[in-house]
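A.B. asks: Using the sequences and the accompanying hints, generate a full structural model.
2 protein chains.
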Amino acid sequence: MTDRLDHPLAGRTVLDLTTALSGPYATLLLAGLGARVIKVENPALGGDTSRNNAPYYSATGLQPHRTSDEDMSVSMMLRGRNKESITLNLKAPAGAAVFRELVAEADVLVENFSAGVTRRLGIDFAAVHELNPRLVYASISGFGAQGASGSGKAMDTIIQALSGTMLTAGEPGQPPIRFGLPIADLVAPLYSVIGVLSALLEVDRTGEGQHVDVSMLGALTSLVACEPFDAFEKIGMPLRTGSYVPRLAPFGVFEGSDGWFALCGPTDVFASHLLAAIGRPDLATDPRFAKRDARVRHADELHAMIRDWASDLPIAEAVGRLEAEGVPAAPVRDTGEAVRDPLVLRRGEVEPLQHPVFGVAEELYGSGVPIVLSGSSTSLDRPAPWLGEHTEAVLGELLGYDEARIETLRAAGAL
Amino acid sequence: MTDRLDHPLAGRTVLDLTTALSGPYATLLLAGLGARVIKVENPALGGDTSRNNAPYYSATGLQPHRTSDEDMSVSMMLRGRNKESITLNLKAPAGAAVFRELVAEADVLVENFSAGVTRRLGIDFAAVHELNPRLVYASISGFGAQGASGSGKAMDTIIQALSGTMLTAGEPGQPPIRFGLPIADLVAPLYSVIGVLSALLEVDRTGEGQHVDVSMLGALTSLVACEPFDAFEKIGMPLRTGSYVPRLAPFGVFEGSDGWFALCGPTDVFASHLLAAIGRPDLATDPRFAKRDARVRHADELHAMIRDWASDLPIAEAVGRLEAEGVPAAPVRDTGEAVRDPLVLRRGEVEPLQHPVFGVAEELYGSGVPIVLSGSSTSLDRPAPWLGEHTEAVLGELLGYDEARIETLRAAGAL
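Sequences listed follow chains A and B, in order.
Heads up: the first sequence begins at 11 in our numbering, then just goes up one per residue.
Heads up: the second sequence begins at 11 in our numbering, then just goes up one per residue.
Worth flagging that the hints you see were computed from the coordinates, not collected in a lab.
Computed from a predicted structure; not experimentally measured.
Each hint should be verified, as a subset may be incorrect.
Because identical chains cannot be distinguished in the list, a pair is counted as satisfied if it fits within a single copy or across any two copies.
[Claimed, not checked] Here are the simulated lysine to aspartate or glutamate pairs, EDC-like style, with alpha carbons at most 20 Å apart:
#: 1; residue 1: K101; residue 2: D268
#: 2; residue 1: K101; residue 2: D391
#: 3; residue 1: K244; residue 2: D303
#: 4; residue 1: K163; residue 2: E335
#: 5; residue 1: K244; residue 2: D344
#: 6; residue 1: K101; residue 2: E111
#: 7; residue 1: K301; residue 2: D278
#: 8; residue 1: K163; residue 2: E218
C.D. replies: Below is the structure:
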């Protein structure tokens, strides 16, 4: 897999010790940017837990349970793309020895074990840095590589709760809002990739690798801290305002006859165009609605008018009329419609998924690399590997092991 | 500002043509990683619109309106850190000439104009690439650098609606959920920075810069496509399930006597520990709750028991009992509490904000760089600049202009 010379990470090898979602998404992006990603899976556990997530894609389509050895979980089809898989038992001494040889050949290592595990396995940054001082070692964890008091199991919902995210939606006094999009799991790997690429620039300059330590809590909380919500609230601009944003009125999500749509008219110009779109151009000079401060005071009235106007309009019609007047508006789409947007598919921001045996999986889509480069390529076009599919190839070609040696390792439970 | 040799982007110069949130967050991260960021502001418009966002930080604290020339918007205090500001009118011929000289000195340019604007200004990628073939040129836009049909104004709420994000929270039949966290505005710059760093690795290798084109719609939709929500729904695992996740029961957000907390018990082991924590260890072997499939069928019953148990417990007590049994649990914190988490502050994932005159602003926090590097530093420790604060310094030191030349430019309306 060294044929991707037009990819920005061509020629870089990543040892991927991750499982579940957060870590594998980091290495998926590195693979999409052209790195050779070698996924190291624990044979004693049946590999990455994502291999056992329902649903599975089978010869007859989606199934809630595995129906044959050729079925693959949709999670793995998605997260395993453009990766090679080897089995390696890091607890077996012979497996640990193989790992040390792989480290010598790698440019990057990514892991998302619970805090403390890499130390117990003897593969924490300090140990690995001695073996290969150029290697960039990235850790993704719930609370940072040093761990934190309390529960060690950082799940996305826990981080959503702690980061304040859940109270940026909904209305005051109402329950917090749990997001189905696992935003904590997905944001941490983005920062991790930024850290890895930054560290690779340093390696190219100084020859020295380093530890890149990203915490899910820190990643999501830093995003929350990008807006001074605190300061807003102190001057009477509450954060939780439900479907509407009175301080930007007219602004919010409205119901049409066949669904919902969003509109944004925070400026005087947008507001006057919106009033034209709903058939009340006369109100554009009304003292209640002409200027922003007045609109904020009369936000309920304004939003009620829009609600009435929209209630018996198909949303395509409502959005069409608003757009014709230049008012930002859009239908609220479900995830199925969103991932099939032709523009998004054309730009490769979402890609159809493939099964290694059954080929392109009808109606299954996965993330692409949402970065369009003019002089380089990115791609996530190779199906996910079976558990250990590349063990012989990697140990043979990269480390020069012969068949007998590989068989011995296998017999010792190292592979 | 070339004294940050221990930062990974030391020695790289970024021309920052961005305004509002999405673009400035990309350049904030580049500044935090050690790049010299020169923020180019349009004097005809009073600079970045963020300078005129309420609230303002004044000598007497937060104010909803500007009370003196020394007041600075909290948005600018946050997004302008570690940047230099110059004024430059790109529409004035003399301003355009200065811009071309800056391009020759820069490594990266970041812009988030509406589609088509850079072409009209004669500063699109093709034009700039001729001036400096090594320059990496990053565009952040709503729908991609080529634009898209429909409204050109991509606001965060519009992208949340189109990407499916709003329908990953809440309950079936209920209104979509608008997030207060401007997730579309914030995710696009993360991919943009990944693209810029990837392109810098290419420049170091090939000498050739390129265009890095990230769309807000593509960025957020690709995140949505990281989970196969479609496939889940097809096998009867609905996406919108409100506060609880029945397919992972016990799992969700519960109310205590003084607030809310989240808990996650998706495995048999976690579930049995949870039953112990709520005082019902006897139920761990009950056929309704022992195994996951059974728990999914009896999720309502299980969640109702937890609700009853929690309703008269302070959340610290409830979370404490769950954690004591090893069950992942956490209080639902508001954003104010979240950004003050001592662990997050210690790791620099959130940083106290400073005003350029009044110093550290009490009780105001902003995002840090949530990447802890063992061998390099990151920092966002310098207060945001006043509009044009560095015009003389940059034109003088970087381009060698003398005072007379700068005065002539100023008189011509170019600065």
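A.B. asks: Give a verdict on every hint.
C.D. replies: Structure-based check of all given hints:
In this assembly of identical chains, the alpha carbons of K101 and D268 never lie at most 20 Å apart, being 57 Å within a copy and 46 Å across copies at closest. In this homomeric assembly, K101 and D391 never come within 20 Å of each other (Cα to Cα): the closest approach is 33 Å inside a single copy and 43 Å across copies. For the identical chains of this complex, K244 and D303 are intra-copy neighbours only, at 18 Å inside a copy versus 47 Å across copies, given an alpha-carbon limit of 20 Å. Taking CA atoms no more than 20 Å apart as the test, K163 paired with E335 passes between copies only; the shortest distance there is 12 Å, against 50 Å inside one copy.
In the homo-oligomer, the alpha carbons of K244 and D344 lie at most 20 Å apart only across protomers (14 Å), although the nearest pairing inside one protomer, at 35 Å, exceeds that limit. Taking the shortest Cα distances, K101 and E111 sit within 20 Å of each other inside one copy (15 Å), while across copies they are farther apart (58 Å). When the C-alpha separation of K301 and D278 is checked against a cutoff of 20 Å, the pair qualifies only within one copy, where the shortest distance is 6 Å, while the shortest distance between copies is 58 Å. Neither within a single protomer nor between protomers do K163 and E218 lie at most 20 Å apart by alpha-carbon distance, with minima of 32 Å and 44 Å respectively.
Checked against the numbered hints above, the structure breaks hints 1, 2, 8 and satisfies the rest.
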